[in-house]
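Sequences are here, hints too, so could you generate the full structure?
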Amino acid sequence: MFSFCTDPDVLGQFQWLSCYLTTGKHMSLYVSVVVVLVLLAITAPTALLFGFGGAVAARSRIPPVRWFGKSYIAIVRGVPDIAFFLFFVIALDQAFEWMRHKVLCPDWTDPIRQGNDFVVCQAAKLPLSSSPQWVHETYGFFVAVLTFAIVFGAFAGNILFGAMRAVPRPQLETAEAYGLSRRQTFWRILVPQMWVFALPGLSNLWMVLIKATPLLFLLGVEDIVYWARELGGTKTSRFTDYPHGDWRMYYFAGLLVFYLIFTRISEIFLERLMQRLTRGQATTGGEAQRKAAA
Amino acid sequence: MNKLILSTAALALTAGFAMADTVRLGTEGAYPPYNFIDDSGEVAGFEREVGDEVCARAELDCEWVTNEWDSIIPNLVSGNYDVIIAGMSITDERDEVIDFTQNYTQPDPSGYLAASADADIEGGVLAAQTGTIQAAFIASSGATLVEFATPEETISAVKNGEADAVLADDAYLRPIASEDDALLMLEKTELLGGGVGLGVRESDGELKAKLDAAIQSMKDDGSLNELLAKWEIGPGF
Amino acid sequence: MSCLQTIQDYGLRAVGYGERLLPKEDFTLCEQFTLIGSGMIWNVYFGVLALILGFFFANALAMAKGSRHLMLRKPAEWFIFVFRGSPLFVQFFFGYFLFLSLKQVYPIFTPFTAAWLGALVVLFLNTAAYSAEIFYGALRSIPKGDVESADAYGFSGWPRFRKIVWPTMLRLAWPAYTNEAIFLFHASALVFFSGFPSWQQRGDALYYANYFADKTFNPFVPYPIFAGYFIILTLIIVSIFGLVNRRLNRHLPQEARRKMKLKMNVIR
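Each protein sequence line maps, in turn, to chains A, B and C. For the first sequence, position 188 (counting from the first letter as 1) is numbered 188 according to this note's numbering, and the numbering increases by one without interruption. For the second sequence, position 162 (counting from the first letter as 1) is numbered 162 according to this note's numbering, and the numbering increases by one without interruption. For the third sequence, position 190 (counting from the first letter as 1) is numbered 190 according to this note's numbering, and the numbering increases by one without interruption.
Treat the hints with care, as some may be off.
[Unchecked claim] Keeping only pairs whose Cα atoms sit at most 27 Å apart, straight-line, the calculated DSSO-like set for lysine-lysine is:
hint, chain 1, residue 1, chain 2, residue 2
1, B, Lys159, B, Lys188
2, C, Lys24, B, Lys159
3, A, Lys25, B, Lys230
4, C, Lys24, B, Lys188
5, A, Lys291, C, Lys144
None of these hints come from the bench; they were simulated from the model. Only a predicted model underlies this, so the values are computations on that prediction, with no experimental measurement involved.
In structure tokens, the structure reads:
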């Protein structure tokens, strides 16, 4: 990075450190922080969407849809997330390729499963094997997002399902009395009001989601814990210009600080959001706000 | 799955030839001297050089990706990359699932790294990385096996006295022993795996033939031996 | 080899009884089910003990966090913040490292570097922090009227706490606490995966699932088996906690009981 970094062996401590912390490898660590944050930013709304879908399905009046919604929430919630991450990405990837294969190569005669191999036609490959590396990476990133969203969507679904039932009945009855249709009642009364009941659970889920990011490396995304372990491990002078002993302790201490700060910021933000959502609601919190203002 | 953006050194070499296929090489990137991530964040090491040379000779356009060791074979058979080049010893069990090219290293004996020369490797506590051939070997010997998730942790286990010795590939342990005064290599070695080969899908016969031919030509003109000597990986051919 | 024989050989393998060597080739479904199931012993062990011990500590922590004394409140707040704010991955790392360093100075810490005790301590502290936050939240949302009526009936001090405040808190916290219990059992799968070494191939369910995935190169059999075991375990936890919930709410009219269950869906 800096011009004086060409021969690290002769540098003073401070300069050595500044060179060390700006190697290409450390840049990968810094990039991974951004990747993790972006992934969280995309996963959270996606998981919420999955959860919303799951909750609506679980409330459905059509039995098969209801069973689907309920079993999605129950099964995914019952399994440790790590189990999903260990085999789900490959399964998802194969499922996509299989579907594309069926559509794109209808006259392909060879079997898709040849022994252990999973072989689809070239055109069905996801991404195409001729596409540049960044396409592969982006694809991997989105498969990771999807896996996270499916897993955490089940938890969100459970929370939203509860929140929908927590909206006071009189609110819905009043809506009916005013002649609103079922659909109107759902979108105009139930959905706007359920958030205040869902928020404590969703805040907790967000915290859990943050802390699930160390498992990202299982999904093929090199996250901060992966790099901290890789960078902190003992390095011998044969393979690096910056040999050092077992420094994992320091890297993990850095991780700890990162996660604590991130959690704290989230807490403050969510607390504000709760204040905002409580306004004008028919709950004790809302009542307290009203009284304080009066 | 797929990860790093890695430069394709082979690209420049093959540019003169007709449209080359893109072949994706999957490696672990955490096992020096075979493969590791260097200071600039790129895959480096013995296999990086072998892989680039093989690709050049086979006129393939190659791209490097890194993948977690645990899922390196499932991802190959599922088609996320085309070749495994990750210091993988040719074993019968692996051969049932994937195909190997001819070996490009001689069988590398596994060595013991210990804190003292009289460490008890017959009945003592031996550390190994989970799921390696060394772990399987210790499990069936008389010693007490203790498994760690990463090779790094096995080394620190010896340093802090949790284990008497580590059993791992000789080429991996030697550089560590030479830099750390508290650790030394024991005389005894175990011949466990076969040589290291490139792993390809069983349905990819054509690719395998190309890679085989390229490795053979590297053996014939001695360039492979040069690389083996440069990275100190076992004897030459 | 018959399946019954396999169960005899490997049913208690995770705790060190039976065949010393794990199967090496020709893996049968029965072997996978047996060994992964045997590993579940550890998941249940970690989960149950950490949960029970953590429950008591969590109560103390929740009281401390709700205390008016700064000396009690601040440490409790920080403890809860640190353990809730960092990934278990990092906690296991520091736990193992700390016990190793302590062991070098005080030999009494030797057993702590083994998973059965060391990981248990980490899980115990972790679940105590999460549960304490849940209990603390419940403590704050105890209806004012309940406490006022208790005062009117002449309750005060310890009897008021034991007879009124504490049971109400528990009742309010129970649904969220159920979720915490489920999460704790799930978290126990991380013990051998990232934190602690496994001795002589004695590990939890994920350890064996990993072993089979590694040997058969096929992740689609062992991991779903592992998942299946956990679904069963989760169902058992939910029904046990449901029974306790019924007992906690036995004084309420039927209708109110149902509502109670749905309200506080706070998960970890």
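These are the hints, each one checked on the structure:
no., hint, result
1, B/Lys159 / B/Lys188, "19 Å, holds"
2, C/Lys24 / B/Lys159, "31 Å, violated"
3, A/Lys25 / B/Lys230, "24 Å, holds"
4, C/Lys24 / B/Lys188, "25 Å, holds"
5, A/Lys291 / C/Lys144, "17 Å, holds"
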